[in-house]
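Asks: Once you have looked at the hints, place chain U on chain W.
What follows is the residue order along each chain.
There are 2 protein chains.
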Amino acid sequence: MTSNSCGTSRLAGCQFTLFPMSDKFVDIILGALEEVDTSKVWKDTDDVSTCVRGKMVHVFDVTKALFLHAAKTGEHVAMSGTFSIGCPGDTEADSYMDEADAPVNETKLNELYRKAGCKFSLYPMGRADYMEAIYEQIDLSKHRNVEVSADHYATRLDGDVKAIFEALHQSFDSVQEKVSHVTMSFTISANSPSNKA
Amino acid sequence: MTSNSCGTSRLAGCQFTLFPMSDKFVDIILGALEEVDTSKVWKDTDDVSTCVRGKMVHVFDVTKALFLHAAKTGEHVAMSGTFSIGCPGDTEADSYMDEADAPVNETKLNELYRKAGCKFSLYPMGRADYMEAIYEQIDLSKHRNVEVSADHYATRLDGDVKAIFEALHQSFDSVQEKVSHVTMSFTISANSPSNKA
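Going down the list, the sequences are from chains W and U.
110 is the number that the numbering used here gives to position 130 of the first sequence; each next residue is one higher, with no gaps.
74 is the number that the numbering used here gives to position 94 of the second sequence; each next residue is one higher, with no gaps.
If we strip away everything but chain W, and leave its shape as in the complex, we get (with noise of 0.2 Å):
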């Protein structure tokens, strides 16, 4: 069941909602969309969420460009989702894995900075061992560019969106360096009036 997992890059993907608190949602999304380039990522999205899949380096690149443009409006926005990597049977879109790794979103994302809250969950899979992976990520996590505290069935991140993103993206990679099939589900919320930081 994991014979999809060998091979120098692995599909992964994420199912995830970009929600933002506003009349204007339909308007901050599309807007969104239109300054983010999905050209390197499959790409579907129904009444309920997008998915993304592809090399890991562009499914990051894609949910953190689309997260960082609506919070830049400045409305409360928030978005909550699942990645995943070496899910058994996921075995479409293979094509996009011979994209080049540059991530194409970086470069606008340059001069953007917004801060947000995030609370995330590791799930390695398929292992009596499991929590040690966790917590040793946890641990991990503390090294980067953002505030790192324990919640409930969470690890809460505060910092800067790109920050936030980057420290996702390393703690999901490193695990799943070692655990073939690893989920991270994940809530990011930008310019909440609670939050008074």
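Watch out, some of these pointers could steer you wrong.
Copies of one chain are not kept apart here, so a pair can be met inside one copy or by any two copies together.
[Said to hold, decoys possible] DSS-like mimics (lysine-lysine), calculated; alpha carbons at most 27 Å apart, straight line:
hint	residue 1	residue 2
1	K4	K52
2	K52	K142
3	K4	K95
4	K158	K142
5	K95	K158
6	K158	K88
7	K158	K52
In short, the hints are calculated from the structure, not lab data.
What you are looking at is a predicted structure, and each value in this text was computed from that prediction instead of being measured.
Replies: Quick look at chain U alone, frame taken from chain W:
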């Protein structure tokens, strides 16, 4: 590490966020909270999410009631979160385990119907045979009052909000009977302008 998983009733919890896609998001959230009896669960809220913990029946009762009371406003609302049970180390709030089993929000929901779409993923932790538990569950959900379809990394449910939460609850419950630590991520959406159904 699974010493907390014994007993007739186990501590369950959910980290979730309610997302009203409306300028009135604060009023919709506070309005829903006012309608919902949360006295049978431990509850904590910050700017990113809300965590409720207690008996499984009350955790599902409260999340379902909050979503349905927000959805009845007719505004486009969504909720994302992760249910968890049997998490090693989750030991606080045990006092809430003495609450009677009767869900306190059901009567108020009796007359409320609202169509929604939901995607969820079940993660039985620490087991090499986790995929079987997932496939079995996806199959079971076909027999409930919801339309079931497959998606990448998730199962989609369509139908009445109460029937969807019922299916989520039953899926989660039946897997946790076999597996000590189970998590389940979900996103449910109602009144979306993209849903032509």
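Asks: Look at each hint and say if it fits the structure.
Replies: Against the structure, the hints come out as follows:
Within a single copy, K4 and K52 get their C-alpha atoms as close as 14 Å, and across copies as close as 20 Å, so both meet the 27 Å cut-off. For the identical chains of this complex, K52 and K142 are intra-copy neighbours only, at 12 Å inside a copy versus 36 Å across copies, given an alpha-carbon limit of 27 Å. When the C-alpha separation of K4 and K95 is checked against a cutoff of 27 Å, the pair qualifies both within a copy, at 21 Å, and between copies, at 23 Å. Proximity of K158 to K142 under the C-alpha cut-off of 27 Å is restricted to the intra-copy arrangement: shortest distance 25 Å within a copy versus 40 Å between copies.
With identical chains, the CA atoms of K95 and K158 are never at most 27 Å apart, being 31 Å at best within one copy and 41 Å at best between copies. Taking the shortest alpha-carbon separations for K158 and K88, neither the intra-copy value of 33 Å nor the inter-copy value of 48 Å comes in at or below 27 Å. In the homo-oligomer, the alpha carbons of K158 and K52 never lie at most 27 Å apart, since the shortest distance is 36 Å inside one protomer and 45 Å across protomers.
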